[in-house]
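Student: As given, the protein sequences belong to chains B, W and V, one line each in that order.
Heads up: the first sequence at position 312 corresponds to 312 in this note's numbering, and the numbers run straight through without jumps.
Residues are numbered in this note's numbering as their position in the second sequence, beginning at 1, plus a constant of 558.
Residues are numbered in this note's numbering as their position in the third sequence, beginning at 1, plus a constant of 999.
Just so you know, these hints were derived from the structure itself, not from any lab.
Incorrect hints may appear among the rest.
Reference listing, derived: stretches of chain V covered by chain W, where coverage requires no fewer than 3 residues with Cβ under 8 Å from a Cβ of chain W [claimed, not checked]:
(1) 1211 to 1224
(2) 1382 to 1396
(3) 1405 to 1418
Predicted, not measured: the structure shown is a model, and the values here were computed from it.
Backbone N, C-alpha and C define an ideal beta-carbon position, used for all residues, glycine too.
Spelled out from the first residue to the last, the chains are:
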Amino acid sequence: MELELRGITKRFGPLVANDGISLSVAPGQVHALLGENGAGKTTLMNVLFGLTRPDQGAIHIDGKAASFRSPKDAIAAGIGMVHQHFMLVPVFTVAENVTLGIEQAGPAGLLDRRKTRAEVRELSHRYGLDVDPDALIEDLPVGIQQRVEIVKALVRQANVLILDEPTAVLTPAETEELFRIIRQLRDGGTSIIFISHKLKEVQAIADTITVLRRGKVVGQRQPPATEDDLASLMVGRDVQLRVSKEPAEPGDVVLDVAGLTVASEHGLPVNGLSFQVRAGEILGIAGVQGNGQTELCEALMGLRPAAAGAVTLNGRDLTRASPRARLRAGVAYVPEDRREDGLVGTFSVAENLILDTYNRPPFASGVNLQLPAIRANATALIDEFDVRTGSPATPAGTLSGGNQQKVILAREVGREHKVLIASQPTRGLDVGSIEFVHRRIVEQRDHGVAVVIVSSELDEIYALADRIAVMYEGRITGFRDPDVPAAELGRLMAGGADGGHALEFGPLPEMDDSAAPDSAAPDSATTAAAPETTEAPETTEAPEGPADTDATDSQEES
Amino acid sequence: MTTPPPATEPAATPPPEAEPDGQPGSHRSFGDIIRLAIQENTVTITVLALVTATVLGGLLTAFTNSAVLTAWGHFFSAPGNAVGSAWDAAFGTYWALFEGSVFNPHTVAALFQQASFSAAIHDGFLSAVFNPLSETAVQATPLILTGLAVALPYRAGLFNIGGQSQFIGGAIMAAWLGYAYNMPFFVHVVVCCVGAFVGGAALGWLAGEIKARTGAHEVIVTIMLNYVMLYFLAYLLSSHSLMEAPGGSNAITLPITSNAHLPLLAGTHLRINAGFLIALVAALAVWWLLNRTTTGFEFRSIGANTRASRVAGMNVERNWTLVMTISGGLAGLAAASVILGTDFTLNPQSYGTYGIDAITVALLGLGRPGGVVAAGLLFGALHAGSPGMQVSTGTPVQIVQVIQALIVLLVAAPPLIRAMYRLRAARAGGVSTTMSKGWNS
Amino acid sequence: MTTPASAERLPVLLPPGPRAGDAAARFGGRFAAPITYAVFGLLNILVFGLHAHGDATLSFTPEFAKVSVPNLTLAAAATCYVCGVVSIALAVVRLLDVLGTIHLGRVWRRVIVGVVLFLFIIALLAWADGGQTIPFNIVNLLSGTLSDSIPIMLGALTGVICSTSGVINIAIEGQLLLGAFCAAIATSATGSLWLGLLCGALAGSLVGILLALFAIAYRVDQIVLGVVLNTLVLGLTGYLYNALLTGTYSNTLNNPNTFNQLKIPLLGDIPIIGPVLFDGTVFLYITYIVLAGVQIGLTRTRWGLRTRAVGEHPVAADTVGIRVLAYRYRNVIIAGLIAGIGGAYFTIGSVGSFGPDMTSGEGYIALAAMIFGRYTPFGAIGAALLFGFTTQLQSVLSSINVPIQSNLLLLAPYVVTIVVVAGLVGKVRGPRAEGVPFIKS
């Protein structure tokens, strides 16, 4: 099926999300859509999938114009989409999710479960997807959930499959698996539209790359395009994506986490985790989302009780302390979910800036709030952190993501603190904001603060960390220096054993499309990650040695 | 282990421009507030909602009136008569309400018919002129207090429908302290009021604590408590050994001793008493609490975003309990104002409809203490005028409850009013639709 | 430093509840269950056992039964002691389970709860009837329970459908009340019971339309909305009752006949359970049909799958082409029919004429039953029966002159509800998108 987008324009108020975008996808092709956060990729796909109507422009399928009023029309036309946030009902089984909306039903609407199960199994075998129709979604690991999404699209006979940032939640090994599936589908005649902001992946999988920037197509390339070329297209200017950093001068141990264990209804998301952070040092905790990072941060802040272990700050035991006590003791926290956990959306910027200090002088004397002090504080911080807002009285929920993060950062670092814990600090931010946040974090380090960054973006870890810890299934699988090759980190992130020292690798052999990585194939639908291997599996972080990592990473920060 | 990470910012959400708002961080002047309210159609919508509800209420009154129904039976032969009788019934009802709550011209006439001015005053003719307003204040007092008891927790994210149980708790204390003890004048009243606050606060505390400790939803718990206290009160008043006045089989307590009566404010012919002042002071206190104290900051923060409040170190559960306790105390004060201000005794129906009315008052007042006072006065006027209305026009008093509910329903759905009257939607950025989050998100 | 009015308007966002694994300590923690069982056991021994005397006779035969089951005579005190001891033993078993010494599956835990409650009731009956000459008729107790529970069961099923679709329906009380009202009038005016039933159903559906409209189209806070609708219905029915149903029209409009008992041949003659399950009004049989329909519908049909999807993850349902809002509208309105029928039971199913506020909170109890039943049809029914039982118990106990004041018995069901919702239930999570308006992006 020939798919063509002609001149698609979509506006949201004054913002032009898509501006006259045209591209075409040939059958049996992997077409990558590359762009940084906010470039308009998701909007474009929402148009293609019928979730939004374009203001101008048209979609042509096999030469004929098509108009989609809803996903139903798009699906009928043979377009399937795997969203970034899975459209799966957690309490349903795989079969129920796959069949939702196109149920096999007898008279009176009674469901025919056997037929559905058979259908799921058939498709699953055909494409090597291996999903169990009766498994509950909420029990499945993310990688398998993604496959269910793919089965959903295939069941509806998709000729074009849109994958929106599919690797955000996968380990390097799972990513490799996904690429295998993509290639298999492509060879079978399905077209794939692969949306990503990750240069290396796009280079590894795509047949054609279209680069979007600020809603426009700024270029099209075929691999092997150079990374510099792609990066500059994506970003449009020479951005110093790597914060210039003096070497760290760590002092004494400030934060000591020993054997921390956190329990939940699903098991032990944090399981005997230990690390130490010194003053003036940034510890980067790398790992794929879902390995306990969220629970770790919550436990460090006292939002979740620790089942075992100890958290000590400058010798003071905080293991049983309340969140407030920890904040008072000098912990600053930038949470992962800034809207839900970091800000009160309906409160003004000024009020958010004192969200954890409102009951202390100078903002309060006794029980009375001191409004002039609050106002003055707001004005000063807004200025210092360049928060773009109409006034300190504006509700914080109306600010852009970058500005919201600035508010949170201003609040947290604006007061006395000894430890800064930042979880996914630049998720969803544009380049300018990312730069700003990184700079501030390094600044804190240079002032002697012990900094812990939890991030699933390896680029961010490489950019900031003085020391790297890799987290997998609730434990640290290894500590490394920042010159460690990405392949090694990938191995640790997938559960590989810690050899005790950094593996020394030279550049790995060039990745070959036809070579299927046999060592990393997970065969059960229920295991969380690749089985431990004794050799390094090929990863999607393109094969390169330590030296390359630095150079290319600096361009890939987006 | 299996949930995908939260969203990156999709390009689709544009950051709306922050609305310019006078100087950064400055207080907004009264004029600014009015201007903004009208621009955002808040006031317009409220007024239109009131008008619509009035019209609907009028229709209801008219078409359940037997005279009107008979007239409409002969619509085609005498259409003017039919319409006229409908109008008369509706207008008559509202006019009677007005006369009972604000001003009755007949009283002025009666005043000037008196022989001498001093005799007139002495016999209460001057007071009669102000009686409607006095009655409005009297009826408004418990409504304002119970309205505050709903509004305050609402700002903290809790829906307190237990006003009735808290009212009863306060009433029991007020009545018991009032008839069982003898104390000097000022002291007795104060003790009874404090006791009423404590009694109501105890019930509020109970609901809050249950929610804090078990997560049980406060709507169910408070409604159940309402019924529990209702029957408990009946029990206390029917068992001879407890609170029932001896020497009779009436389920009623002994009368409150006169030292415990709330002092009258405008002479003996008018019922307006210090309770009204208590209500106004309470509204002021709640305003101060919400907007000028750290506790109020916590309440509002928790009400707006519980998770972020926890992360910021606030103790959510303790605040829930605290806000429910204070709120219960306010409802208890409402009971004091009724028992010690007008009724002077306690019977199984003393709680009236305050529990339910409080919700409509709080909603109409948009959860703000000032609004609650205004709404309380409005609904108080309706309550004040309705007995007279029922006497003179035969319209049952429940029409007031219907109108109240209609007003709130219409105010709570601005898009409906807008659609009805084809108002322009408020500028982008102004929040006009209300979003709900349910009870287990 | 005031925030703009638009940012803090009521109704404000209701807060998300406590996160799983939060700091909120559960009341008593994990030991709540064994402690509760032990308490029941002690009650059996100390309260019932010590005060029981003589023999209690339990009879199992209704009048006019074809097959007569012999009475069961128990030594009252001994029975109470035995029940108490067994309850305490079960408490110990549960304690071992909590401590980890043994492991009980979920099914066994629920069985234990049931057994403890059952023993408590046996002890209660033994004490109540101990030394009395009149045997305690269990069949009457059970069939009375079943019929008393009908409005709660139907209301709870209504709640299940609405909640599963993602809409919180607090207005069940209003649906019941309006259903009762309309059914009474329709049957009275036309003489037809079936027409009355239909009108009752439609009345419930009408409230459902209002609920759906305001909740889905105007996205009003659903909990507030439900309470306001209940207020509206209460006021409206009270008003119309006073305006139309007293006086001249009371004979023509408020004097309906009622449905007769209908015994199913053969099944109705089975000893003990026959008269209970198969001899009732048509309402009972309607309840069976609705229960089966909802249970099968939700778990095995396309409609059920889509409904559950709409309530759990409406965005996902939307992307596969399900029209989320249409589904919600439809389900809420159809569920309203069920509640309306439940309401009709109050009048044309039992006492006949309508009285103000005759539902007295059973709609809210239905909500609690739904939550207690973990949002499943069978669970809701079970919970409803439990509440109906406590109500029935009150009337039966007072008829055999048990020395507990009637008001205290009347408040028992409400206390039970609180205890159940707060203590025994555990954290019940409803459909994830319950109460959250769906906005198509």
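Student: A separate judgement is required for each hint: does it hold in the structure or not?
Tutor: Taking the hints in turn, this is what the structure says about them:
1. 1211 to 1224: Since three or more residues must qualify, the claim that chain W covers the region 1211 to 1224 of chain V holds, with 11 doing so at under 8 Å.
2. 1382 to 1396: violated (count 0)
3. 1405 to 1418: holds (count 8)
Violated hints amount to a single one, hint 2; each of the other numbered hints is respected by the structure.
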